[in-house]
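2 protein chains.
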Amino acid sequence: MMPKFNFSVMLITPLSLTMNMNFCVICGHKTTEKIPLGDHQLRRVCTDCGNIHYINPKVICGALVIWENKVLMCRRAIEPRYGLWTLPAGYMELFETMEQGAARETREEAEAEVEIEQLYCMYNIPRIGQIYVLFKANLVDGQFGSGEETIESRLFSEDEIPWSELAFPSVERTLRHYFEDRKTNQFDMHLETLGSRLDHTG
Amino acid sequence: MMPKFNFSVMLITPLSLTMNMNFCVICGHKTTEKIPLGDHQLRRVCTDCGNIHYINPKVICGALVIWENKVLMCRRAIEPRYGLWTLPAGYMELFETMEQGAARETREEAEAEVEIEQLYCMYNIPRIGQIYVLFKANLVDGQFGSGEETIESRLFSEDEIPWSELAFPSVERTLRHYFEDRKTNQFDMHLETLGSRLDHTG
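Order-wise, the sequence lines are chains V and F.
Quick note on this note's numbering: the first sequence kicks off at 270 and runs consecutively.
Quick note on this note's numbering: the second sequence kicks off at 270 and runs consecutively.
These aren't lab readings, by the way, just hints derived from the structure by calculation.
Mixed in with the good hints there might be a few duds.
It does not matter which identical chain is used: a pair holds within one copy or between any two.
Within a straight-line C-alpha distance of at most 30 Å, the following computed DSSO-like cross-link-like pairs (lysine-lysine) qualify [said to hold, decoys possible]:
#1 339 with 303
#2 452 with 303
#3 339 with 452
#4 327 with 303
#5 299 with 452
#6 452 with 327
#7 339 with 299
#8 299 with 327
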């Protein structure tokens, strides 16, 4: 049975990351695919002004937010993975730091103010050209809510985690690391490569 | 006195990161600046097909390469900072991991094969929309050379480091951390925010 959200998820393929740059953003003329002088990779290059259109990996910043030994999670009100549980995270914006990005995403998705404690998990997801940068953080005052992209937010203790309803492998990996590390109270940074899922969402 | 390379450096300004996306990469029609529905920031949006042109921070991967207690550095054959010394580093490519990016850049700039040891330094440089991800690595066989972007490569012991001829603040910070951490042989990951230089190169 195909879950309802599968079609939109399938659009996030490696191919879609590199296609469709048919016109130059600077002058509007057509682009063509070639390896620029001194480069080693095919790029979309403007046939008129020569502008090279690089496509770079994107950074996703997020937070593992703790309050009274519970983890803050958000149930997604958007595709992909509508209805599943995630940690507050999203694309890093220009001119912000990774820590600011993680705090902003938590504010937007969980209406919560956090104090960033440390860099905790980083994931390469090369198939979809993303890196995840997740910080361990604490709720400032225990308050949280549900932003526009969130159906509901909730604090989960370890035995309440909805393991079968997590939105992304990065969420599961981070939770597993946290509950394991908590046994020794030693939270070293974890760097891993993810991304063998067939639907390419890491 | 204006150094010869200053003009090209000045082109790398925050403004230049957000300007000039006048045409849609998908359909070639004009873009306009507006805040898309559900968004909080101004974006360049196509007036015809509605495509939103996000501009995201870029990831620079690099390596602090060690061989017999010396550090491998490259003298830049390109702008900005032509003639100054740097660590092998460059823009992360789509579909590679950060570790692969660091190893690839070392291969391209210093013609050296490395074994990545650990994530060592990360820098936010928000003014220019970049994050640096630097790994501690070892030369595999002691061999190195000079790639197309490099005038010469060299192994430096601590007392040979050309402190007044380093290309970027991130290079100096990383070297200072390394020689400090070496005293205790404890190489914890450093995460910092840089970027108060007037020429915006971090």
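Status of residue 452 relative to residue 299 across identical chains (alpha carbons, at most 30 Å)
neither (58 Å within a copy, 56 Å between copies)
Up to 30 Å CA-CA - residue 299 versus residue 339, copy category
Neither way: residue 339 and residue 299 sit 53 Å apart in one copy and 49 Å across, limit 30 Å.
Could you figure out if residue 452 and residue 327 sit no more than 30 Å apart (CA to CA) within one copy, between two copies, both or neither?
neither (33 Å within a copy, 36 Å between copies)
Give the relationship of residue 299 and residue 327 under a CA distance limit of 30 Å: within one copy only, between copies only, both, or neither.
The answer is both: 25 Å in one copy and 25 Å across copies each meet 30 Å.
Copy assignment of residue 339 with residue 452, given that the CA separation must stay at most 30 Å
within (14 Å within a copy, 39 Å between copies)
Between copies, within a copy, both or neither: which fits residue 339 and residue 303 at Cα up to 30 Å?
neither (51 Å within a copy, 39 Å between copies)
Within, between, both or neither: residue 327, residue 303 at alpha-carbon 30 Å
both (23 Å within a copy, 22 Å between copies)
Treating 30 Å as the Cα threshold, decide for residue 452 and residue 303: within, between, both or neither.
neither (53 Å within a copy, 49 Å between copies)
When each numbered hint is compared with the structure, violations occur for hints 1, 2, 5, 6 and 7.
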